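S.K.: Sequence:
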Amino acid sequence: MEMDKAAHVLRLRHVEEKRDQDLREVIIPPLAEKLGLEAQAFEKEIESMYRVNSKFAKKHRIPRDIRINFVRRSTKDKFLKLTNDKPLVILDKEVILLKEIPKNIRETRKQYRFLTDKLNQHNIRFKYLTPEGILVNLKSKNIKLEMVEEAERFDRQHFKKRSTQG
Numbered sequence: 001m002e003m004d005k006a007a008h009v010l011r012l013r014h015v016e017e018k019r020d021q022d023l024r025e026v027i028i029p030p031l032a033e034k035l036g037l038e039a040q041a042f043e044k045e046i047e048s049m050y051r052v053n054s055k056f057a058k059k060h061r062i063p064r065d066i067r068i069n070f071v072r073r074s075t076k077d078k079f080l081k082l083t084n085d086k087p088l089v090i091l092d093k094e095v096i097l098l099k100e101i102p103k104n105i106r107e108t109r110k111q112y113r114f115l116t117d118k119l120n121q122h123n124i125r126f127k128y129l130t131p132e133g134i135l136v137n138l139k140s141k142n143i144k145l146e147m148v149e150e151a152e153r154f155d156r157q158h159f160k161k162r163s164t165q166g
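Numbering follows our numbering, in which position 103 of the sequence shown is assigned residue number 103; successive positions increment by one, without gaps.
A few of these clues could be false.
[As the list claims (entries may be wrong)] Here are the simulated lysine-lysine pairs, PhoX-like style, with alpha carbons at most 25 Å apart: (1) K99 <-> K58; (2) K144 <-> K160; (3) K127 <-> K144; (4) K34 <-> K59; (5) K55 <-> K93; (6) K103 <-> K144; (7) K58 <-> K18; (8) K78 <-> K55; (9) K34 <-> K44.
Keep in mind the hints are simulated off the structure, nothing from the lab.
All of these numbers come straight from a predicted model, not from anything done at the bench.
With the sequences and hints as input, model every part of the structure.
M.R.: Spelled out as structure tokens, the structure:
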């Protein structure tokens, strides 16, 4: 259920914040232009849009993230594909796009952190699986690790050997 809701959500980071600013006037035109739609047509694709309060943003005095709930998942997916090649610029500043990942899945992924850090250090590609696990691409082979125990075994087999040899 949470993943279904998250599939329609996109976060924008580093969009400048001004007092009494209408988010729709600032955000919709560049997004619509990116998709090649008119602003009015694109506005119908957005269910809601608002700034998200966070302790981090307040503490570090940075603009709050903008959360956009799309009516259709396909609109969000198209937008992500288009911005993959050329970054989105709003108010003369490059904006970071983030997918929304539910908290319970983020917590589950933390259990694999010991392995993902090592994979990143060795430039080994991997992908998170939903709801749990990772898919590791090692020497042109895909290795599916669906439980933490499997990830620990993989870690012992591939990384512990290297540290004792070095």
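S.K.: Each hint needs a verdict: does it hold in this structure or not?
M.R.: Each hint, compared with the structure:
1. In summary, the hint linking K99 to K58 is supported, as the alpha carbons are separated by about 21 Å, within the 25 Å threshold.
2. The suggested pairing of K144 with K160 holds, with an alpha-carbon distance near 19 Å, which does not exceed 25 Å.
3. For a cut-off of 25 Å, the pair hint linking K127 to K144 stands: about 10 Å separates their Cα positions.
4. Restraint check: the Cα-Cα separation between K34 and K59 comes to about 32 Å, which exceeds 25 Å; the hinted pair is violated.
5. Between K55 and K93 the alpha-carbon distance is near 23 Å, which keeps this suggested pair within the 25 Å criterion.
6. Taken as a hint, the K103 and K144 pair is honoured in the structure, with Cα atoms around 23 Å apart against an allowance of 25 Å.
7. Between the alpha carbons of K58 and K18 the distance comes to roughly 15 Å, so the proposed pair stays at or under 25 Å and holds.
8. A C-alpha spacing of about 31 Å is found between K78 and K55, which places the hinted pair above 25 Å, so the restraint is violated.
9. Proposed proximity of K34 and K44 is supported: the alpha carbons are some 16 Å apart, at most 25 Å.
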